[in-house]
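Novice: Residue numbers (this note's numbering), protein chains in the order written: chain A, 1 to 322; chain B, 1 to 321.
It is possible that some hints are incorrect.
[Unchecked claim] Pairs of lysine-lysine, DSS-like flavour, derived with a Cα cap of 27 Å:
1) Lys283(A) with Lys240(B)
2) Lys62(A) with Lys283(A)
3) Lys89(B) with Lys62(A)
4) Lys86(B) with Lys283(A)
5) Lys89(B) with Lys120(A)
6) Lys86(B) with Lys62(A)
7) Lys86(B) with Lys120(A)
8) Lys283(A) with Lys120(A)
[Said to hold, decoys possible] Computed footprint of chain A on chain B; a stretch qualifies when at least three of its residues, placed anywhere within it, have a C-beta under 8 Å from a C-beta of chain A:
9) 70–78
10) 173–187
Hints listed in this document are in silico derivations from the structure and should not be mistaken for laboratory results. These figures come from a predicted structure and were not determined experimentally. Ideal placement from N, C-alpha and C gives every residue a C-beta, glycine not left out.
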Amino acid sequence: MSKSPPGSAARDDPGATAPGVPTRGVPARGQGPTPVRNCVGVVVTDAPEGLLRDPYYSTIFKGISSALAERSLLFLLLAPLSESEQDATRRLLVGTQVDGLILIGLHTDSWLPRLIQRRKIPAVMCGHLPPDFGISGIDCDNFRGSVLAIDHLLSIGRRRIAHISGHHTTPSGLDRLMGYRQALAAAGIPLDPTMEESGDFLVGPARMAMSRLLESHPDLDAVYVASDQMAVAAMEVLAKAGRRIPEDVAVVGFDDSPSAAAASPSLSTINQSIELTGREAVKMLVRHIADPEAAPQRVVLDVELVIRESTSGSARPAAPTP
Amino acid sequence: MPQSDNGPVANGSAGDASPPAGPRSVHARHARPQAAATIGVIVADATTGLFADPYYLALLEGIMAALAERSLMLMLMAPMSPAELKATKALVARKDIGGVILVGLHTDSPLPALMQSLEIPAVTVGHTVRELSNVECDCRDGAMAAVEHLISLGRRRIAVISGDLDIPVAVDRLLGYREALAAAGIAMDPTMEEVADFLADRAHLSMERLLLSHPDLDAVFVASDQMAAAAVGVLTHARKRIPEDVAVIGFDDSRFALETSPALSTVRQPFEELGREAVHVLMRHIAEPHEAPRQVRLKTKLVVRASTVGREGTTAAGRPS
Numbered sequence: 001m002s003k004s005p006p007g008s009a010a011r012d013d014p015g016a017t018a019p020g021v022p023t024r025g026v027p028a029r030g031q032g033p034t035p036v037r038n039c040v041g042v043v044v045t046d047a048p049e050g051l052l053r054d055p056y057y058s059t060i061f062k063g064i065s066s067a068l069a070e071r072s073l074l075f076l077l078l079a080p081l082s083e084s085e086q087d088a089t090r091r092l093l094v095g096t097q098v099d100g101l102i103l104i105g106l107h108t109d110s111w112l113p114r115l116i117q118r119r120k121i122p123a124v125m126c127g128h129l130p131p132d133f134g135i136s137g138i139d140c141d142n143f144r145g146s147v148l149a150i151d152h153l154l155s156i157g158r159r160r161i162a163h164i165s166g167h168h169t170t171p172s173g174l175d176r177l178m179g180y181r182q183a184l185a186a187a188g189i190p191l192d193p194t195m196e197e198s199g200d201f202l203v204g205p206a207r208m209a210m211s212r213l214l215e216s217h218p219d220l221d222a223v224y225v226a227s228d229q230m231a232v233a234a235m236e237v238l239a240k241a242g243r244r245i246p247e248d249v250a251v252v253g254f255d256d257s258p259s260a261a262a263a264s265p266s267l268s269t270i271n272q273s274i275e276l277t278g279r280e281a282v283k284m285l286v287r288h289i290a291d292p293e294a295a296p297q298r299v300v301l302d303v304e305l306v307i308r309e310s311t312s313g314s315a316r317p318a319a320p321t322p
Numbered sequence: 001m002p003q004s005d006n007g008p009v010a011n012g013s014a015g016d017a018s019p020p021a022g023p024r025s026v027h028a029r030h031a032r033p034q035a036a037a038t039i040g041v042i043v044a045d046a047t048t049g050l051f052a053d054p055y056y057l058a059l060l061e062g063i064m065a066a067l068a069e070r071s072l073m074l075m076l077m078a079p080m081s082p083a084e085l086k087a088t089k090a091l092v093a094r095k096d097i098g099g100v101i102l103v104g105l106h107t108d109s110p111l112p113a114l115m116q117s118l119e120i121p122a123v124t125v126g127h128t129v130r131e132l133s134n135v136e137c138d139c140r141d142g143a144m145a146a147v148e149h150l151i152s153l154g155r156r157r158i159a160v161i162s163g164d165l166d167i168p169v170a171v172d173r174l175l176g177y178r179e180a181l182a183a184a185g186i187a188m189d190p191t192m193e194e195v196a197d198f199l200a201d202r203a204h205l206s207m208e209r210l211l212l213s214h215p216d217l218d219a220v221f222v223a224s225d226q227m228a229a230a231a232v233g234v235l236t237h238a239r240k241r242i243p244e245d246v247a248v249i250g251f252d253d254s255r256f257a258l259e260t261s262p263a264l265s266t267v268r269q270p271f272e273e274l275g276r277e278a279v280h281v282l283m284r285h286i287a288e289p290h291e292a293p294r295q296v297r298l299k300t301k302l303v304v305r306a307s308t309v310g311r312e313g314t315t316a317a318g319r320p321s
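When you get a sec, could you build the whole thing from the sequences and use the hints?
Specialist: Quick look at the structure:
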């Protein structure tokens, strides 16, 4: 077992029994702060309500759980939804030594990375790449995905392109926003902050964001939405407002989840192989478990544009709108 | 009321590692349910892919929603191998696990006995153990409703594709089938019963065998929509018209029911409500550890679609009872 550095961190280790420290800390039934072997914790610190209805999460869990099962590692999902549950997570993580952790949907201000580094728990961040945490991470190329989406909308003649973003405190939400801005700027289109609305990666807020955009910019001719689930919600709002998709407003999502192909009209989107992200995260974690000294890795998976009816419907505009 | 479980954590990082202190007696956990911030959920039969199965997803949604309302953390474990089962045991033995919900157990599962030996409040979903409370839908009643529906349409040569008979809910569905046939005075024929383990490819084989042995069958009751979708594929391939030649009814009312062509008549299970009810019953046991185990059965609902009545007349009908 790796020994913590001296000082306060040493007291941090539940396995360390300093002389003179009473053993009252040993839990019941003689279990001790148990090293639980063959177990990988999957922590979702920003678990939205309806987590499993979100195809992003169920798909990434599918990738992770199948890759763990192949290695006979227990899939342990921890889904804290509130601050009080974060305390529970902390207790669980410090009182139990699982083999490693996969972290999903971390906000940039999360307390978890510091705890993990201090305690030298093998860990991989999945679905986001934190540059400064010193922890391995895997994600798709969110920035490039946005550039592909905007370039596509520009290529079909759209110029008044709005964006419904994800959480700005998640790297994926932020990178997709930055990619949107960068692609517009590269095309010489002036940025308009009122064309950006946050949908927080949730259906309800995405609906409201679309309504606000229609109110403030009734002449918008395209909207790029940071997730398919939000994009489908935005399309419902557009249809209700009497806008034809894509004739009046073209829509591009992100993820290429099953809901994109099933939507009516079907949704153009950015394909990221979510299941593969989960599987690769497990591979990376297994390397860290085998070699705790291994340097953190960053893996970026490629994305691609998938064109469907929401941008190429029957009435594809022949020329750029004036 | 000792605060030692929570105190060190609240004191900040230096103390966050202090293992829980406090009373050591296993009974003490019962006296301090509010100290248990985490509820364990063990899905014991995830062989078909926990996150690919709409049944588990909806059930877990119900559980998570009910836990969130109570500010409890979910700790979900899906053990497959013996090594993983061992890890699961170590995790549920932790003192801050307030209780456990067991899902998808086989009849020979060691988990109910383990929960009892650790004196952890536990509730099963869809698996009756005498010593533990159980929450499930009334599968036998649901299966009867499905087969009675087929009989009411004039079908008499009704086959069944059952789930894995190690799983009690599968047994109940088979018994419901037999009971409905018996009540209608239709003779039972063991060669009309196939077991397919809730897997689509097994159901595919079962349907092929049934068509070979009983080319004149006029209806089939399939114990899950996913298996029924596979059966529909085989029937269509064999040029049987659905429902004119063979009526098909599934069970669950999952997304598979709407993805098949024609859309599947089925028996709707209240998945999310099952999850919520399991949390509700568990919380009662945590608060009242000496209360006797309870059997909670939620009603199913017959959903009539094109696979039994054709394109017209597709309606949802409640089970008359």
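Novice: For every hint, state whether the structure bears it out.
Specialist: Hint-by-hint comparison with the structure:
A distance of roughly 47 Å separates the Cα atoms of Lys283(A) and Lys240(B); the hinted pair therefore is violated under the 27 Å criterion. The hinted pair formed by Lys62(A) and Lys283(A) meets the criterion: a straight-line CA distance of about 14 Å does not exceed 27 Å. Among the hinted pairs, Lys89(B) with Lys62(A) is consistent with the structure: their alpha-carbon atoms are about 23 Å apart, no more than 27 Å. Restraint check for Lys86(B) and Lys283(A): the C-alpha separation of about 22 Å stays at or below 27 Å, so the hint holds.
For the hint linking Lys89(B) to Lys120(A), the alpha-carbon distance of about 24 Å falls within 27 Å, and the restraint holds. Taking the CA atoms of Lys86(B) and Lys62(A), the gap is about 22 Å. The hint holds against a cut of 27 Å. Distance check on the hinted pair: Lys86(B) and Lys120(A) sit about 24 Å apart at the alpha-carbon level, within 27 Å; holds. Annotation: proposed proximity of Lys283(A) to Lys120(A) holds, straight-line Cα distance about 18 Å (limit 27 Å).
Three residues within the 8 Å Cβ limit are the bar, and the region 70–78 of chain B against chain A gives 8, so the coverage statement holds. Counting residues of the region 173–187 of chain B whose C-beta lies closer than 8 Å to any C-beta of chain A gives 0; at least three are required, and the coverage claim is violated.
Of the hints listed earlier, those the structure fails to meet are numbers 1 and 10, in rising order.
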